[in-house]
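Each chain is listed here by its residues.
Number of protein chains: 2
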Amino acid sequence: MHVPPEASPALVFETLNAHQRTEALIAAIDLDLFRAVGEGHDDVPSLARRCAASERGTRILCDFLVVSGLLQKEDGRYRHTPTSALFLDPRSPASLASSAKFLGDPMLREPFRRLTEIVRTGCTTLPGDGSVEPEHPAWVEFAHSMAPMMAPMAAPLGSVALDGLDGNVRVLDLAAGHGLFGIEIARQHPGAHVVAVDWAPVLEVAHANARRAGVADRYERLAGSAFDVDFGGPYDIVLLTNFLHHFDWATCVSLLRKVRQVLSPRGRAAALEFVPNDDRVSPPMSAAFALIMLATTRAGDAYTFREYAAMYQEAGFARTEATPIPRAPHTVVTGYLA
Amino acid sequence: MHVPPEASPALVFETLNAHQRTEALIAAIDLDLFRAVGEGHDDVPSLARRCAASERGTRILCDFLVVSGLLQKEDGRYRHTPTSALFLDPRSPASLASSAKFLGDPMLREPFRRLTEIVRTGCTTLPGDGSVEPEHPAWVEFAHSMAPMMAPMAAPLGSVALDGLDGNVRVLDLAAGHGLFGIEIARQHPGAHVVAVDWAPVLEVAHANARRAGVADRYERLAGSAFDVDFGGPYDIVLLTNFLHHFDWATCVSLLRKVRQVLSPRGRAAALEFVPNDDRVSPPMSAAFALIMLATTRAGDAYTFREYAAMYQEAGFARTEATPIPRAPHTVVTGYLA
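Order-wise, the sequence lines are chains U and B.
Residue numbering for the first sequence follows the working numbering, beginning at 3 and increasing consecutively.
Residue numbering for the second sequence follows the working numbering, beginning at 3 and increasing consecutively.
Think of the hints as simulated: they come from the structure by calculation, not from any bench.
Quick caveat, the model's predicted, so the values are computed rather than measured.
Please note that a few of the clues may not be correct.
To be verified - Lysine to any residue pairs mimicking SDA-like chemistry, simulated, CA-CA at most 20 Å apart:
#, chain 1, residue 1, chain 2, residue 2
1, B, 103, U, 284
2, U, 75, B, 285
3, U, 75, B, 103
4, B, 103, B, 57
5, U, 75, B, 311
6, B, 75, U, 162
7, B, 260, B, 311
8, U, 103, B, 130
9, U, 103, B, 10
10, B, 75, U, 116
11, B, 103, U, 306
12, B, 103, U, 116
13, U, 75, B, 112
14, U, 75, B, 284
15, B, 103, U, 118
16, B, 103, B, 139
17, U, 75, B, 10
18, B, 75, U, 119
19, B, 75, U, 286
20, B, 103, U, 13
21, B, 103, U, 12
22, U, 75, B, 260
23, B, 75, B, 91
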């Protein structure tokens, strides 16, 4: 049998075992292994002691993490890679360890184990509206835990949203979650006043973050669903961060229409999104995001820029612009009234 | 905050989502999607119809598989990659689709969801001896399903094992499973006579394979555990394929000692194994294999060549040689009496 050199059984094997990489990272975070490495514990006995784990388990887990690029090993001693030092050591200000708790949440992973059924029906196996079911507890957890992963996006999003605006700027932050995006705008612009919309328990988290950032006096809470609550207004900026992808086209358009009605003439809506190219298979992270929407929502998607632009247009916006966030899978898709 | 260019939050994100690649591949195999692509169905409506699946689910799954390198897409049409054509289309003689059923088996994956606990204790959460518990049903499934993944290893292993032998060659195939390795030796050498050892229900599978290969008249079954059964002998070749890695050092040595006692003076034991380098973190697939042994056995491991050589020596063998199998993560580790 002829096997072309580009055909690889290793890719099949590696894909079948890929779940182990997820489990290994979650276990290492649970065991606080990355903190131990950062503290200088660098051999198996010392790491095992520090993590209250077995030596066999610690050695095999650490070696596996080296293979996965999340630790390095030299002369039998383990140390951080640049990635693990910055993003996995809980002592690092950029640590994503808490985000892992969210992405590794068994509730959000469970549907993937029923993916065959989900592909057949085209709809999540989670009850109701899936992860966007009203008051879903996942989003309190999201607000708590995903802030670190989202933080690097806040500054670039803030610049795009504020571009060309001065004086008093009214900001509506829809599905605010941890609130970081609205808070960043308040920090970047002293004239900004933010109204944050989300379910009440989620807004607790956002408000605490606003207090910590010293902008609580310009931070207002409006509890409820973005679909139901009266926004008031007018606003110069409406933020829709990691939100539209959960819904079908018609729902997105109707929400954008509601947003347009509360925008000032100089106003703009800024959506932070995973935006694949028109081919829907690149860039990899944005394109792959669609599977999460398939597994956990009724009709969400990773929409292309062309699709978002069409939604904005259908909702009455004058023009749409895309601003990719450097070194992140996200793009700001901004709709302008003028 | 300074972020060194080699630090990548994407790697963390990608690792946390890696389990989705496993689920997507298993779902695609379940839905018989790779057969549909091979038959020429190349757009979403036609693939969805053929797989009795939704269009939304089919589109998102296919795009995800493109991102994963397991399909390609051009002008909105899907087709096989060289890898999926050869190894995932069930119509291909090299199809690994059935092996995926084994590697994706929920029973064998379940311990990975308890990896934190396993690293703490150093021992599988599976009952008893884990995957090597006597008469474990997984190995009947293994015998049925893993033959395609193992087939490319059989010819190179056969050459190594037979090297320098002629005339009547007695072969003992321990934990024979699907039996392919002993059967291949019988095919390569008409003077070879094979005795296959495994649990009785597994030997049914091996014997059916021997019949299909036309070597059943030189194929004998010896039901029982390799640790308990009387091997008879003497033998010129003893095969230990994908077996030693399940056990601790002492168990391996005692089995090799039992093997040595039934070898003829020209005899050799040939172990097919995942053999990482001394650093235990390369090559990636062999090194990563240790995690499977951690998760599913009490004391198994991916032993290095140095360790296997020491075990062979401790068991009374004169010398040990390593022969890596081309384009596979396996190595033949052969112990010789002379």
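Original post:
Which of the listed hints are not met by the structure?
Top reply: Result: hints 1, 3, 4, 5, 6, 8, 10, 11, 13, 18 and 22 break, sorted rising.
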